[in-house]
Amino acid sequence: MSEHIRITRNRREFLTNAFCGFGSIAMADLLMRSAARAAELNANPLAPKAPSMPDKAKAKSVIFLFMAGGPSHIDTFDPKPLLNRLNGQKRPAEFGEAKYQFVQSNATLLGTKRTFRKYGQSGIEMSDLFPHIAECADDIAMLRSIHGDMVVHSAAQYQLFTGRILPGFPSMGSWTLYGLGTESESLPGYVVMPDPHGALEAGQPMYGTGFLPAVYQPTMLRPGAKPVLNLDLPQGVTREGRMKTLSLIKGLDKEDMRPGDQELEARLNSYDLAFRMQTEAPEIFDLSKESPKMLEMYGVGDPKTDDYGRRLLLTRRLIEKGVRFVCPVSGGGPGNLQWDAHDDIEENHLRMAAQTDKPIAALIKDLKQRGLLDSTLVVWGGEFGRSPESQGSKGRDHHNLGFTMWMAGGGIRGGQVVGATDEIGLKAIKDPYHLRDVHTTILNQLGLDQDALSYLHQGRKERLTEVRGNVIAQIV
Amino acid sequence: MSLKCNALVLVGATAALLLAATSEPVAPLGKYTAAERRHWAFQPRAHPAPPTFNSPADAAWSKSPIDAFVLARMQKESLTHAPPADRMTLVRRVTFDLTGLPPTPAEVSAFVKDKSPNAWEKVVDRLLASEHYGEHWGHHWLDVVRFAETEGFEYDNFRPDAWRYRDYVIRAFNNDKPYDRFIQEQLAGDEIAPKEDETLIAAGFNRLGPVRRNAGNQAVASSRNEQLTEMTNIVGAGIMGVTLGCARCHDHKFDAFRQSDYYRVQAFFAPLQPYDLVKASDAEQAAWKAKATPIQAQIAQLQKEITQATKAGAATTELMAKLEEEQDALPDALPSLFTVKDDFANKAPIHLLPRGDFEHPGDAVGMRTPGVFLPEATPELPEDTANPRELLARWLTSADNPLTARVMVNRIWEYHFGRGIVATPNDFGRMGERPVNPALLDYLANEFVDSGWSVKHMQRLILLSNTYQQSSVPETDKDPDGRYLTRFPRQRLEAEQLRDAMLSVSGLLNQKTSGPGVMLPIDKTLVQALYKPSQWAPPKDTAEYNRRSVYLIYKRNLELPFMQVFDAPDMTLSCPRRESSTHAPQALEMLNGDFANQMAKAFSARLLKEAGPDHRRQIELAWRLAVSRAPKPAELRMAMQFLNVGAAGQSQARDQLALAMFNLNAFLYVN
Numbered sequence: 001m002s003e004h005i006r007i008t009r010n011r012r013e014f015l016t017n018a019f020c021g022f023g024s025i026a027m028a029d030l031l032m033r034s035a036a037r038a039a040e041l042n043a044n045p046l047a048p049k050a051p052s053m054p055d056k057a058k059a060k061s062v063i064f065l066f067m068a069g070g071p072s073h074i075d076t077f078d079p080k081p082l083l084n085r086l087n088g089q090k091r092p093a094e095f096g097e098a099k100y101q102f103v104q105s106n107a108t109l110l111g112t113k114r115t116f117r118k119y120g121q122s123g124i125e126m127s128d129l130f131p132h133i134a135e136c137a138d139d140i141a142m143l144r145s146i147h148g149d150m151v152v153h154s155a156a157q158y159q160l161f162t163g164r165i166l167p168g169f170p171s172m173g174s175w176t177l178y179g180l181g182t183e184s185e186s187l188p189g190y191v192v193m194p195d196p197h198g199a200l201e202a203g204q205p206m207y208g209t210g211f212l213p214a215v216y217q218p219t220m221l222r223p224g225a226k227p228v229l230n231l232d233l234p235q236g237v238t239r240e241g242r243m244k245t246l247s248l249i250k251g252l253d254k255e256d257m258r259p260g261d262q263e264l265e266a267r268l269n270s271y272d273l274a275f276r277m278q279t280e281a282p283e284i285f286d287l288s289k290e291s292p293k294m295l296e297m298y299g300v301g302d303p304k305t306d307d308y309g310r311r312l313l314l315t316r317r318l319i320e321k322g323v324r325f326v327c328p329v330s331g332g333g334p335g336n337l338q339w340d341a342h343d344d345i346e347e348n349h350l351r352m353a354a355q356t357d358k359p360i361a362a363l364i365k366d367l368k369q370r371g372l373l374d375s376t377l378v379v380w381g382g383e384f385g386r387s388p389e390s391q392g393s394k395g396r397d398h399h400n401l402g403f404t405m406w407m408a409g410g411g412i413r414g415g416q417v418v419g420a421t422d423e424i425g426l427k428a429i430k431d432p433y434h435l436r437d438v439h440t441t442i443l444n445q446l447g448l449d450q451d452a453l454s455y456l457h458q459g460r461k462e463r464l465t466e467v468r469g470n471v472i473a474q475i476v
Numbered sequence: 001m002s003l004k005c006n007a008l009v010l011v012g013a014t015a016a017l018l019l020a021a022t023s024e025p026v027a028p029l030g031k032y033t034a035a036e037r038r039h040w041a042f043q044p045r046a047h048p049a050p051p052t053f054n055s056p057a058d059a060a061w062s063k064s065p066i067d068a069f070v071l072a073r074m075q076k077e078s079l080t081h082a083p084p085a086d087r088m089t090l091v092r093r094v095t096f097d098l099t100g101l102p103p104t105p106a107e108v109s110a111f112v113k114d115k116s117p118n119a120w121e122k123v124v125d126r127l128l129a130s131e132h133y134g135e136h137w138g139h140h141w142l143d144v145v146r147f148a149e150t151e152g153f154e155y156d157n158f159r160p161d162a163w164r165y166r167d168y169v170i171r172a173f174n175n176d177k178p179y180d181r182f183i184q185e186q187l188a189g190d191e192i193a194p195k196e197d198e199t200l201i202a203a204g205f206n207r208l209g210p211v212r213r214n215a216g217n218q219a220v221a222s223s224r225n226e227q228l229t230e231m232t233n234i235v236g237a238g239i240m241g242v243t244l245g246c247a248r249c250h251d252h253k254f255d256a257f258r259q260s261d262y263y264r265v266q267a268f269f270a271p272l273q274p275y276d277l278v279k280a281s282d283a284e285q286a287a288w289k290a291k292a293t294p295i296q297a298q299i300a301q302l303q304k305e306i307t308q309a310t311k312a313g314a315a316t317t318e319l320m321a322k323l324e325e326e327q328d329a330l331p332d333a334l335p336s337l338f339t340v341k342d343d344f345a346n347k348a349p350i351h352l353l354p355r356g357d358f359e360h361p362g363d364a365v366g367m368r369t370p371g372v373f374l375p376e377a378t379p380e381l382p383e384d385t386a387n388p389r390e391l392l393a394r395w396l397t398s399a400d401n402p403l404t405a406r407v408m409v410n411r412i413w414e415y416h417f418g419r420g421i422v423a424t425p426n427d428f429g430r431m432g433e434r435p436v437n438p439a440l441l442d443y444l445a446n447e448f449v450d451s452g453w454s455v456k457h458m459q460r461l462i463l464l465s466n467t468y469q470q471s472s473v474p475e476t477d478k479d480p481d482g483r484y485l486t487r488f489p490r491q492r493l494e495a496e497q498l499r500d501a502m503l504s505v506s507g508l509l510n511q512k513t514s515g516p517g518v519m520l521p522i523d524k525t526l527v528q529a530l531y532k533p534s535q536w537a538p539p540k541d542t543a544e545y546n547r548r549s550v551y552l553i554y555k556r557n558l559e560l561p562f563m564q565v566f567d568a569p570d571m572t573l574s575c576p577r578r579e580s581s582t583h584a585p586q587a588l589e590m591l592n593g594d595f596a597n598q599m600a601k602a603f604s605a606r607l608l609k610e611a612g613p614d615h616r617r618q619i620e621l622a623w624r625l626a627v628s629r630a631p632k633p634a635e636l637r638m639a640m641q642f643l644n645v646g647a648a649g650q651s652q653a654r655d656q657l658a659l660a661m662f663n664l665n666a667f668l669y670v671n
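First to last, the sequence lines map onto chains A and B.
For the first sequence, our numbering begins at 1 and goes up steadily by one.
For the second sequence, our numbering begins at 1 and goes up steadily by one.
Hints are computed from structural coordinates only; laboratory data are not their basis.
None of these values were measured; they are calculated from a predicted model.
There could be a bad hint or two in this list.
Once the Cα atoms are required to be at most 30 Å apart in a straight line, the calculated BS3-like pairs of lysine-lysine come out as [stated by the list, open to error]:
1. 289/B with 540/B
2. 304/A with 347/B
3. 99/A with 113/A
4. 430/A with 118/A
5. 321/A with 293/A
6. 122/B with 632/B
7. 63/B with 31/B
8. 394/A with 341/B
9. 99/A with 304/B
10. 254/A with 304/B
11. 532/B with 226/A
12. 63/B with 289/A
13. 293/A with 304/A
14. 99/A with 427/A
15. 601/B with 254/A
16. 601/B with 226/A
17. 478/B with 461/A
18. 341/B with 461/A
19. 532/B with 304/A
20. 58/A with 461/A
21. 347/B with 99/A
22. 478/B with 49/A
23. 524/B with 321/A
24. 279/B with 341/B
Using the sequences and the hints, build the whole thing.
Written as structure tokens, this is what we have:
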């Protein structure tokens with residue numbers, strides 16, 4: 001009954017491979033032996049799995065460009081000329097009601113200072129905050145009618161990542177890993193790169209594995225030269241010394257083990273994987289081998305874009321190695337260091353856009369030139385958009401009733417706009433799509449059926465989408 | 001005992017009249033089909049006689065009723081039991097099982113040498129009486145009730161007095177508090193004995209769920225609704241072992257719980273309000289007030305300014321930051337009891353919420369226990385019923401409640417054997433697994449109730465059985481997951497057991513019990529990843545870092561990496577059963593992690609100190625401490641060779657041997 005993924009393999013295969021990985025011979029040699037490697041993969045719950053809907057599977061990996069704090073749709077990708085004309089007035093009654101976290105009912109509408117222009121052959125309108133992303137317009141499917149249920153950060157962030165407004169449920173990254181495993185043997189399969197400025201309101205549980213086994217948990221990359229916890233040998237321990245210790249552990253375990261004991265065998269294999277991670281991953285994290293041209297393209301070296309550019313360049317390197325789900329986060333710490341522009345939308349968004357525009361465009365172009373964009377779904381968005389009303393005189397409050405996200409690559413048909421908000425950007429009125437529809441579409445591109453991807457938890461078949469979502473048919 | 005159930009019905013008879021007088025539409029009382037009522041877990045318990053056996057060997061093995069039921073079940077599958085485990089294995093098994101800690105070498109050898117016929121019984125009784133017993137078994141309960149010491153969500157504020165509930169649970173297990181009383185106190189301690197600290201602390205149970213707070217417009221109604229949901233769902237999942245929470249948005253799709261049943265259970269909580277009862281002398285309160293008053297005045301002033309600024313359309317971020325600063329500057333809250341109380345005057349009526357949406361309430365409902373357990377058309381209780389939660393608790397713990405005793409004995413069984421008789425301990429409904437041995441389950445549940453709901457009595461029965469004392473070596477491949485108990489199922493140590501065992505083996509374990517939770521020093525980058533990094537302030541006294549894991553602070557937004565990697569639950573939902581996954585980051589944690597290496601160094605130093613410079617003696621001690629047995633000849637040879645590196649590399653080789661010990665399957669698993 002339990003849908004827990006179990007390590008399965010047949011007995012004959014096991015007997016063939018048993019203990020190939022053990023003994024006193026140097027580990028590095030052993031790792032090259034294909035029999036040992038096959039045994040390892042068989043015992044590895046993260047081994048790649050076929051998608052449940054192979055005919056739908058276009059994407060192998062997902063990059064979720066999380067714009068934390070909630071970027072304004074009105075100032076970025078959803079032009080609203082009427083809003084500018086109504087600047088300073090109260091919201092006309094025909095647009096209906098909205099609940100905000102701070103803004104009271106007496107607030108007045110705030111037009112945008114940004115200018116919009118059509119880009120690419122498709123002529124998608126974007127604001128001047130993103131001159132570089134605009135160059136990718138024909139790859140982008142602009143989703144202007146997204147809506148969610150919550151208007152405060154923590155609950156909205158949970159919904160964006162887990163489909164539920166409470167903590168404790170698996171994130172889309174964990175679900176993806178659970179559904180597909182990972183193709184990277186030496187790297188974690190699901191990586192989150194938080195903004196070094198600090199944490200977000202929903203905290204760690206937002207990215208987490210919820211009730212799924214810990215094997216599907218995200219690896220949180222830390223800022224600095226040693227991004228993965230426990231990947232470095234402890235001080236004073238050499239590689240040779242470590243190999244000796246590992247060899248001792250294996251020798252002793254073998255002595256105390258019955259042949260055919262799959263669970264203990266799996267544990268020993270996890271030590272091989274750990275060792276491989278330790279030797280191979282640091283090379284992936286080292287950007288120094290990238291050409292100056294490539295570094296420049298991502299904005300590495302320019303103080304504005306250096307940090308985010310490095311993280312996106314690393315994202316591309318991880319995707320190349322078969323990592324399944326990568327989430328670089330833009331925004332962290334106090335609200336104004338996120339896209340959470342309560343005080344001054346201009347100051348905040350000019351700064352946040354300047355940090356991210358060039359690296360994001362570089363990522364899309366780079367994936368494309370490497371032939372990886374077709375198999376990599378790139379998703380851009382925050383937990384909500386921002387209010388057409390002003391907060392204070394220059395800021396905007398949270399707003400969940402209609403906002404913009406976009407997708408590119410991964411089999412998405414770019415160069416088109418989906419849905420629309422009303423004339424002041426208050427509510428999604430044409431082809432509205434809920435966050436769960438975004439999840440459904442992501443799963444669909446990975447070839448994962450939203451119902452089949454379930455886990456029995458306390459008597460309930462839990463799914464990412466909870467209530468059935470719709471694929472955004474226009475773009476797939 | 002069915003009187004208690006009937007009493008509820010009788011009291012309810014007048015309620016229909018009362019409700020009929022109100023104008024609001026009332027939800028129908030629901031109808032339950034015979035088939036729904038027949039679901040196995042809703043049936044009264046049977047009183048099965050233990051099976052008997054013709055073969056003298058079987059009869060000898062099955063002297064205890066538990067063994068008879070277990071043997072009959074495996075024979076039905078044409079399987080048989082395993083031979084008994086050896087004494088070293090047994091004493092390690094039962095010590096981890098009852099206390100969460102490894103046995104000392106002296107305890108192992110005392111049992112191995114004890115030739116008296118009741119040697120095993122003495123070990124079991126000694127461990128049941130150990131103060132470490134409650135620390136370990138209390139922790140199991142803390143998983144079920146998703147205990148944590150912070151509120152979760154954005155602010156994830158500390159609950160500075162929640163540890164009292166943790167200590168209450170530990171005490172309850174150590175004192176073998178009858179389980180019916182244990183449930184009554186947690187659900188309704190404030191109603192049952194409003195003047196007793198112990199019961200007030202117990203009632204903090206109702207507040208254990210996460211609470212959402214945020215800046216700006218407080219969504220008071222929505223937050224209250226979330227808290228009521230938490231209180232209701234935990235009764236279903238934790239005590240009744242059913243997925244009552246599924247009926248929050250619609251009638252349950254599989255089990256006989258209507259949406260109206262859900263909200264009728266919720267109605268018992270309608271008058272409940274959180275309550276912090278200050279426990280400080282007048283002088284202490286005055287001193288606190290003197291410190292706090294000026295800051296509180298500042299806070300009030302800032303709040304006023306924020307309101308004005310918002311009205312005037314001016315920026316508020318700076319003011320908000322100042323406000324947070326002032327709030328942080330308030331002196332630590334006075335000691336108080338983290339509890340609840342009924343406030344009937346401000347009770348908000350409970351309505352059905354179609355799709356769970358609190359903004360669009362449906363029909364009104366009053367209190368009633370779920371209808372499938374009552375005669376058709378049993379009315380609701382009168383609205384003015386006193387002590388509503390006590391009534392709910394008494395229904396739950398009445399001797400003939402079909403679920404409560406079965407659910408708890410199944411949990412006890414699960415923690416001993418790694419798998420329940422019902423493999424889904426929080427779901428005895430149709431989607432859950434059927435009991436693999438229904439007669440055994442009912443036998444145990446009857447015994448539990450008849451013993452006065454004594455958990456220790458049940459454990460003694462289980463531990464003294466032959467079933468428990470079997471070897472863990474599989475004799476057959478026809479029972480791969482140990483479902484039929486043809487052997488004792490091997491179990492991996494849980495995250496906390498593993499940490500505590502490392503502390504214990506290295507000799508560093510601080511055995512101090514009870515008191516406020518302890519923060520461990522953790523990687524800087526993790527602290528930076530908190531919304532308020534200042535919330536993480538480990539104590540100066542480093543001995544505190546070596547306390548048992550049950551005394552560590554469980555912060556909802558910061559799971560300790562060591563715990564997380566070994567499948568500790570995140571304490572936001574009830575956790576009926578730990579996962580036991582195997583993956584590379586565990587190996588990295590155990591080989592490269594700071595904690596593993598600190599413990600290895602301490603273990604290594606202990607070996608040198610207690611065994612002297614002789615390698616063989618060091619190795620023998622290492623084995624006895626870490627895996628409770630002597631090394632086998634081949635193990636001894638490998639370890640001797642590993643240490644044979646000359647004087648210069650001596651201490652490092654010993655450190656690495658110590659680290660290797662913690663990484664052995666023999667250390668991580670209990671056979």
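| request: Quickly compare the C-alpha distance for residue 99/A and residue 427/A to 30 Å and report which way the hint goes. | output: Roughly 12 Å between the alpha carbons, so the hint for residue 99/A and residue 427/A holds.
| request: For the pair we were handed, residue 430/A and residue 118/A, check the Cα-Cα distance against 30 Å. | output: holds, 20 Å
| task | For the pair supplied as a hint, residue 58/A and residue 461/A, confirm whether the alpha-carbon distance does not exceed 30 Å. | result | holds, 26 Å
| Keeping to a limit of 30 Å between CA atoms, is the pair of residue 293/A and residue 304/A held or broken? | Given pair residue 293/A, residue 304/A holds - Cα atoms ~17 Å apart, limit 30 Å.
| query | Are residue 394/A and residue 341/B close enough, with their CA atoms no more than 30 Å apart? | reply | With a Cα-Cα distance of about 45 Å, the restraint between residue 394/A and residue 341/B is violated, given a limit of 30 Å.
| task | Quickly compare the C-alpha distance for residue 601/B and residue 254/A to 30 Å and report which way the hint goes. | result | holds, 25 Å
| Keeping to a limit of 30 Å between CA atoms, is the pair of residue 63/B and residue 31/B held or broken? | violated, 46 Å
| said: Checking one constraint from the list: CA of residue 478/B to CA of residue 49/A, max 30 Å. Satisfied? | reply: holds, 28 Å
| said: Next pair to validate is residue 279/B with residue 341/B; report whether the Cα-Cα distance is within 30 Å. | reply: With Cα atoms ~16 Å apart, residue 279/B and residue 341/B stay inside 30 Å; holds.
| query | Does the structure keep residue 532/B and residue 226/A at a Cα separation of 30 Å or less? | reply | holds, 23 Å
| request: Compare the distance between the alpha carbons of residue 478/B and residue 461/A with 30 Å, and conclude whether the hinted pair is satisfied. | output: holds, 28 Å
| query | Are residue 321/A and residue 293/A close enough, with their CA atoms no more than 30 Å apart? | reply | holds, 21 Å
Hint compliance for this structure: hints 2, 7, 8, 10, 12 and 18 are not met, and every other hint is.
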